[in-house]
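Chains as they are written, first to last, in numbering that gives the first Met the number 0: chain A, 0 to 315; chain B, 0 to 278.
Hints listed in this document are in silico derivations from the structure and should not be mistaken for laboratory results.
Think of the CB as a built atom: it goes at the ideal place given N, C-alpha and C, for glycine as much as any other residue.
It is possible that some hints are incorrect.
Said to hold, decoys possible - Partner residues are not named here, just some residues of chain B that face chain A (Cβ under 7 angstroms, in silico):
#1 Ala19
#2 Leu20
#3 Pro29
#4 Trp32
#5 Met94
#6 Pro121
#7 Leu125
#8 Gly137
#9 Trp138
#10 Ala150
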Amino acid sequence: MVSSDSSASGPDLTPQSPVRLRRSSTRSQSEFQWAPYLFLVPTVGLLFLFSLYPMGYGVWMSLQNVDVVRGTSRFIGLGNYLQLFQDAQFGLSVFNTAWYTLTVVPLIVAGSIAIAVFLRESRPARLLARVGFYIPFVLSPVVVATSWKWLLNEDLGVIDGFLKWAGMSTIPWLSADFYARASVVLASVWNLVGFYMLMVLAGLSQISQELYEAARIEGAAKWQQFWHITLPMLRPTILLVVILALVHATQAFETILLLTDGGPGGATRLVVQNMYQAAFGRLQPGYGVAQAVVLMPVILFVAWLQMRLFKQEGIL
Amino acid sequence: MNTGKEIRIEFGKVVYDICALAVCLIFLIPVVWAFFSAFQPPSRLFAFPPNFDPRGFSLVNFQAVFRTGDVPRYAMNSLIVATTSSLITIIASSMAGFALAKYRFLGRQLIFLVIISVLLIPLQVLMVPVFLVLKTLGWINSLIGIIIPPAATATGTFMMRQYIIGIPDELLEAARIDGASDWKIYWHIILPLSAPALGAVGILSFTWRWNDYLWPLIVIGDQKNFTLQLSLANLVGTNTVEWGTLLAYAGLAMLPVLVVFLCFQRYFLKGSLSGGVKG
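Chain A with its partners taken away, still in its complex shape (with noise of 0.2 angstroms):
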């Protein structure tokens, strides 16, 4: 390959001859011809062993039964699927995932915003925000379900305890359907939003302060600048936030497995925690892949949009 490429890249190969000098950011098509496979060979291995290949290898094992204990599987074609669509549990998975991130979502694009532009007017919130609202996103989601566990625990968790103490009834937080999603949505939504806060901060920050010069000398309200100035400004921000906070709520699994471990009841349990009881807890992998399968769909979207955001931003 190296000798086919040399043959067709004409004098300029070897590399002590003089390089013709361009202003392109990327370098022309005579030089360099392997090096940059080369390169490439860690990440596109690692990427090709532990996502490419089990991509495929999943699909075709969700068109299989197999047995974990014996150690042999049998093609079943689309079994797994059809059992699936009649799975009442993989379908309040389903119901569980879309009004989690129906609601996760929307919650961190407006808390962010909000808070941002609070925080903004003041010098030392904001420099005391750039580490406080970062901190939760930097805990593991071991160390934040055991924080909010203890927050919510029923009766002896501090929260229960101040609503005992106000002489109010206390609230069944990890016990109630109800509660127990609310108390899902609101460990999610303090672990992520200060990251996405500081995001909306710095887009903030390139805001052109003559542009609310110009709208206070015209007689603007503060609403009517954060409604004409900021907010169309901060669009590429708040796309962003959109999108990266999606993939959060997609991926969202190990806080809530260990807060409510999907219950009461299945009513937290998403479709990634759904999977994985089928694959270890039940050792029936095959089922478990084809819910992944379905998930795909989803996942590629939502890496679709990512990936035109990127484009329009100029950065692919």
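Model the placement of chain B on the given structure of chain A, informed by the hints.
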């Protein structure tokens, strides 16, 4: 010196600052509370309002943590996993970033597109087939099984590419004229010049790998290969351990990441924000 109006404005600003600072503090309550609770002796753990007086603090919970298992060993495992995996991430992503930023070759756009889009697919969705790949490789129940699979990251590749694009071509041309090989250019020019990006990617992936829970959960069964996160999660799941112990354990498990973050905070923010917002 100040007119009444100016004083009013100053006063309003101070009130605003205080409100804004309060928002920051409220936001941190879950962590701060867990932290304070970790220092309460079991008898006072559930008291409300809680005790904030440092004289009443005790370390019994932290001592109890070390009785739950071989915690130093789990910490060592976490450290090994986080460091080696980050090193692999740094090397792989800077090499890929260099290739994608400074070369024009057949399939460049396609490869970049495939790398980013495939790496955007979360490992969680692929966990079952990846588990079987690891099984075939014989990596189940060993640390290497949690070090290698997450080592290629979209963020890493992306951040490195973006940073390396900014390195002037003239430098590379000059080195080339001096007869430097591609590897030498990578090693002696690209790597040193992209130190800030390498640092940011390294720190980010260190925290990710330190915090990983899903991979250890699936891959590691043997107690001696537990990471801190995995052993803490197991204790939280069983509900048999005292809350004080769990909170102290959580404090210990998050400490390294917090320290790394606080030390490299500027670095950290710049890296992830420029990688995220503008790119």
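Mind listing which of the numbered hints don't hold for this structure, in increasing order?
-> 8, 9
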